[in-house]
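There are 2 protein chains.
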Amino acid sequence: MCNTIKQILKQNTRLINKKLVVKGWVKHKRKNKLKTFVIINDGSTIKNLQIIIENESKDINQDINQDINLGIFLKIKGIIVLSKGNKQQIELLAKNIKIYGMFKSKDLQQTILQPKQHSYKKLREQSYLRFRTNFFGSIMRIRHNVSYLIHKYFHTNGFYYIHTPIITNYDTECSSNLFKVTTLNFKTNDFKNDFKSDFFGENAYLTVSGQMQAEAAALGLRKIYTFGPTFRAETSNTPRHLAEFWMVEPEIAFFNLKNNMFLAEDLIKYIIKNIIRLSKYDLEILDKKNIIFKNLNKILNKEFQRIPYSKVIKILIKNGYDIKWGQDINSEHEKFLVEIYFKDPIIIFNYPIDIKPFYMRKNKDKKTVAAMDIIFPNVGEIIGGSQREERYNILLSQMKYFKLNMTILEWYLNTRRFSTVPHSGFGLGFDRLIQFITNMKNIKDVIPFPRSIKKIYT
Amino acid sequence: MCNTIKQILKQNTRLINKKLVVKGWVKHKRKNKLKTFVIINDGSTIKNLQIIIENESKDINQDINQDINLGIFLKIKGIIVLSKGNKQQIELLAKNIKIYGMFKSKDLQQTILQPKQHSYKKLREQSYLRFRTNFFGSIMRIRHNVSYLIHKYFHTNGFYYIHTPIITNYDTECSSNLFKVTTLNFKTNDFKNDFKSDFFGENAYLTVSGQMQAEAAALGLRKIYTFGPTFRAETSNTPRHLAEFWMVEPEIAFFNLKNNMFLAEDLIKYIIKNIIRLSKYDLEILDKKNIIFKNLNKILNKEFQRIPYSKVIKILIKNGYDIKWGQDINSEHEKFLVEIYFKDPIIIFNYPIDIKPFYMRKNKDKKTVAAMDIIFPNVGEIIGGSQREERYNILLSQMKYFKLNMTILEWYLNTRRFSTVPHSGFGLGFDRLIQFITNMKNIKDVIPFPRSIKKIYT
Chain A
87 MCNTIKQILK
97 QNTRLINKKL
107 VVKGWVKHKR
117 KNKLKTFVII
127 NDGSTIKNLQ
137 IIIENESKDI
147 NQDINQDINL
157 GIFLKIKGII
167 VLSKGNKQQI
177 ELLAKNIKIY
187 GMFKSKDLQQ
197 TILQPKQHSY
207 KKLREQSYLR
217 FRTNFFGSIM
227 RIRHNVSYLI
237 HKYFHTNGFY
247 YIHTPIITNY
257 DTECSSNLFK
267 VTTLNFKTND
277 FKNDFKSDFF
287 GENAYLTVSG
297 QMQAEAAALG
307 LRKIYTFGPT
317 FRAETSNTPR
327 HLAEFWMVEP
337 EIAFFNLKNN
347 MFLAEDLIKY
357 IIKNIIRLSK
367 YDLEILDKKN
377 IIFKNLNKIL
387 NKEFQRIPYS
397 KVIKILIKNG
407 YDIKWGQDIN
417 SEHEKFLVEI
427 YFKDPIIIFN
437 YPIDIKPFYM
447 RKNKDKKTVA
457 AMDIIFPNVG
467 EIIGGSQREE
477 RYNILLSQMK
487 YFKLNMTILE
497 WYLNTRRFST
507 VPHSGFGLGF
517 DRLIQFITNM
527 KNIKDVIPFP
537 RSIKKIYT
Chain B
87 MCNTIKQILK
97 QNTRLINKKL
107 VVKGWVKHKR
117 KNKLKTFVII
127 NDGSTIKNLQ
137 IIIENESKDI
147 NQDINQDINL
157 GIFLKIKGII
167 VLSKGNKQQI
177 ELLAKNIKIY
187 GMFKSKDLQQ
197 TILQPKQHSY
207 KKLREQSYLR
217 FRTNFFGSIM
227 RIRHNVSYLI
237 HKYFHTNGFY
247 YIHTPIITNY
257 DTECSSNLFK
267 VTTLNFKTND
277 FKNDFKSDFF
287 GENAYLTVSG
297 QMQAEAAALG
307 LRKIYTFGPT
317 FRAETSNTPR
327 HLAEFWMVEP
337 EIAFFNLKNN
347 MFLAEDLIKY
357 IIKNIIRLSK
367 YDLEILDKKN
377 IIFKNLNKIL
387 NKEFQRIPYS
397 KVIKILIKNG
407 YDIKWGQDIN
417 SEHEKFLVEI
427 YFKDPIIIFN
437 YPIDIKPFYM
447 RKNKDKKTVA
457 AMDIIFPNVG
467 EIIGGSQREE
477 RYNILLSQMK
487 YFKLNMTILE
497 WYLNTRRFST
507 VPHSGFGLGF
517 DRLIQFITNM
527 KNIKDVIPFP
537 RSIKKIYT
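Just so you know, the sequences run in chain order A and B. By our numbering, the letter at position 105 of the first sequence is numbered 191, and the numbering carries on one by one without gaps. By our numbering, the letter at position 344 of the second sequence is numbered 430, and the numbering carries on one by one without gaps.
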């Protein structure tokens with residue numbers, strides 16, 4: 087019988103006197119005259135299991151006892167007994183111990199596994215090892231649970247998961263921050279100006295959003311969502327930006343902006359309500375360093391306030407900010423709004439047409455579009471969405487206005503030409519959500535292997 | 087009250103006499119003297135709802151009745167009544183109908199929405215519209231359910247979902263089929279031979295597998311899995327290959343090849359057993375054209391046979407194939423083995439060291455590695471996996487033998503240097519699994535927007 091430590095601790099005292107095989111690595115070791123106490127963890131939970139070795143035991147070679155160093159992997163056969171300590175209810179009395187492979191104690195000194203306070207930056211530099219630290223292990227388990235909750239929420243509510251493509255031939259957001267994808271040989275000149283010889287026979291990029299394909303899918307399957315990686319060649323290296331990040335994008339037919347705001351708020355509250363329960367122990371570990379539960383519970387208590395962009399501008403002007411109607415709201419403004427003025431997450435909607443992408447639905451005032459952004463404390467914009475322009479003629483004129491490539495995007499117009507129905511959707515920055523939940527300062531500390539300008543972490 | 091058609095049909099006769107708002111598009115229309123019968127679908131299910139319009143009804147403008155063409159989106163307010171037909175139990179008696187937007191009947195002629203038999207190739211050419219066809223809609227709902235089952239299986243069994251990176255700086259499989267990722271300007275010469283000026287300051291590629299990072303994660307979290315897009319610049323355009331495809335890669339610490347085979351078989355059987363139940367109606371639609379349930383049930387009935395590579399070679403030679411020990415098993419051999427000789431899926435294990443990647447664990451015979459491939463009828467290799475070489479010195483010499491870049495891959499060696507434990511994992515080709523379940527001939531017909539050589543479908 088070989089269980090994870092999570093399974094063992096869950097069964098607790100019901101396992102007393104049972105013979106078990108346990109595997110894990112050493113987090114702590116101390117010795118007194120009679121016994122050696124070895125704390126092991128296996129990553130299945132933040133909690134540890136204490137192993138008791140009787141120093142005079144004939145079963146265990148005392149050389150092995152000597153070799154048990156921090157960080158080393160062990161396999162222990164033993165019997166579960168009631169703990170005499172008050173930190174845990176059960177512990178394992180070792181009968182047989184096997185050490186896995188080689189491990190030099192001096193090697194440990196070079197790593198973040200050495201038991202002392204390391205900076206987040208140092209942990210990141212050994213990202214392949216930080217899965218074994220308490221803090222990052224907890225973040226990863228939380229990340230898993232949030233992913234799972236997202237899939238569960240959508241599945242339960244009748245949404246279908248669509249794998250929108252990663253390699254595209256256009257730029258949804260009309261940004262210049264595109265990564266190119268190619269198989270051409272860079273060292274020769276052959277390919278110059280000639281993309282017909284490239285793999286796809288045309289320009290290819292990494293997607294910045296699955297939205298346009300998601301729209302096509304929603305017009306066939308009614309309620310769909312995507313959950314996949316997206317890319318921005320962000321040249322600014324900030325604690326809120328990644329070159330590669332994960333995005334969740336629901337898209338729903340017969341859905342207006344009001345429905346869209348409701349869905350976004352409901353999704354976020356569902357995730358937060360359930361993560362508090364599902365990741366209790368891991369969140370408790372983080373809560374010792376960062377404020378966690380207070381932040382999370384605050385989100386649940388009230389309805390997110392919905393404020394039109396025009397009103398936001400008035401508030402900002404009244405409070406001394408130098409901003410005019412028509413300008414974009416920056417992160418300094420956002421900070422003031424959610425952390426000082428409203429003291430809560432807010433939904434800003436109906437933005438000026440000129441500061442939003444071409445596909446958003448024009449409002450009756452002809453000056454604004456049916457856009458919405460959800461602004462959160464600490465992390466800023468966490469969701470951006472809109473009702474989409476479903477009217478063929480208006481969309482066409484918007485595309486011409488923005489000078490888009492009509493040949494490449496004809497298919498998108500055709501989703502309106504061959505039918506048309508109001509539909510809406512939004513993008514949730516998954517890593518930012520994890521950053522908010524864990525209250526980490528740098529987004530690079532909530533994703534396993536961050537990518538940003540001039541740096542590929544392995 | 088606005089429900090999806092799936093929700094309405096689930097509640098069935100309990101809704102009799104209830105007022106409802108229903109939305110969907112027209113799949114079929116016929117008229118007799120007294121009534122017009124409009125069949126609508128909304129993508130939430132393969133099943134349709136019948137709308138009854140009384141031709142003399144004062145509630146409904148008869149011009150609107152005239153405008154109801156195939157493919158058009160409608161919003162219908164009405165009352166659920168018992169159906170007089172025998173195809174359905176309930177139908178909606180329309181009291182008010184709204185038509186969404188413009189739609190010219192002659193436009194329909196140009197599309198795959200026109201109700202006649204279209205080839206799969208033609209459907210693919212309008213991939214943005216095929217979500218609305220019966221057949222492809224069913225495949226997408228099945229694809230969703232399989233995704234969900236995969237997450238559920240791993241979550242329930244204590245695995246953590248890890249987002250391994252898409253952009254990497256090395257090539258796991260040592261293949262030459264890599265896509266490069268760059269922000270350099272192709273039209274200038276500036277970048278020639280100088281990757282230091284590129285976005286990441288070094289060569290960057292699209293991942294071919296998340297395995298190596300998955301290993302690092304498993305050594306910290308014990309049981310993990312990835313589920314994300316992977317890329318191969320395949321220059322051969324076959325019905326089994328995509329340039330961009332989704333892969334599921336579990337990786338488990340303290341796990342040997344035998345455990346690995348058990349997990350792979352258990353996962354596949356879990357998916358197939360549950361998809362038969364979860365996607366019953368959609369599979370029934372496919373079953374009219376392709377053999378479905380017979381294939382699926384066959385997988386469930388028996389344990390997958392495990393056959394060492396050496397024995398497979400003997401069988402092939404005995405049956406007249408020109409193959410020697412040390413050569414790779416090709417798709418023709420696979421076809422013979424699973425469709426003629428064994429007549430079942432098989433697991434081939436212990437492959438010659440020279441035809442498998444460097445990271446697989448060397449067996450005691452020093453000639454083979456602890457690799458396993460699962461071969462399925464119709465689709466060929468669906469899973470490839472191995473126990474990983476966890477012994478530092480042997481891994482090091484393998485890496486030198488394969489002439490790998492030791493600077494870039496030092497971190498991978500370090501996952502052994504700073505600890506070592508037996509671990510194993512495999513990659514499941516998600517799209518191939520969907521291809522097997524739906525029994526589609528071309529893998530391009532089971533993914534929303536296929537990418538392959540010289541073609542980006544939108």
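Everything labelled a hint here was simulated from the structure, so no lab data went into it. Be aware that a few hints might be false.
One copy or two, it doesn't matter: identical chains are merged, so the pair holds either way.
[What the hints assert, rightly or not] The calculated lysine to aspartate or glutamate pairs, modelled on DMTMM-like cross-linking and capped at a C-alpha distance of 25 Å, are:
1) Lys-238 with Asp-352
2) Lys-163 with Asp-153
3) Lys-375 with Glu-425
4) Lys-540 with Glu-320
5) Lys-450 with Asp-430
6) Lys-181 with Glu-420
7) Lys-540 with Glu-420
8) Lys-359 with Glu-140
- Message: Please list, smallest to largest, the hint numbers that this structure does not respect.
- Response: The structure breaks hints 5, 6, 7 and 8; every other hint is satisfied.
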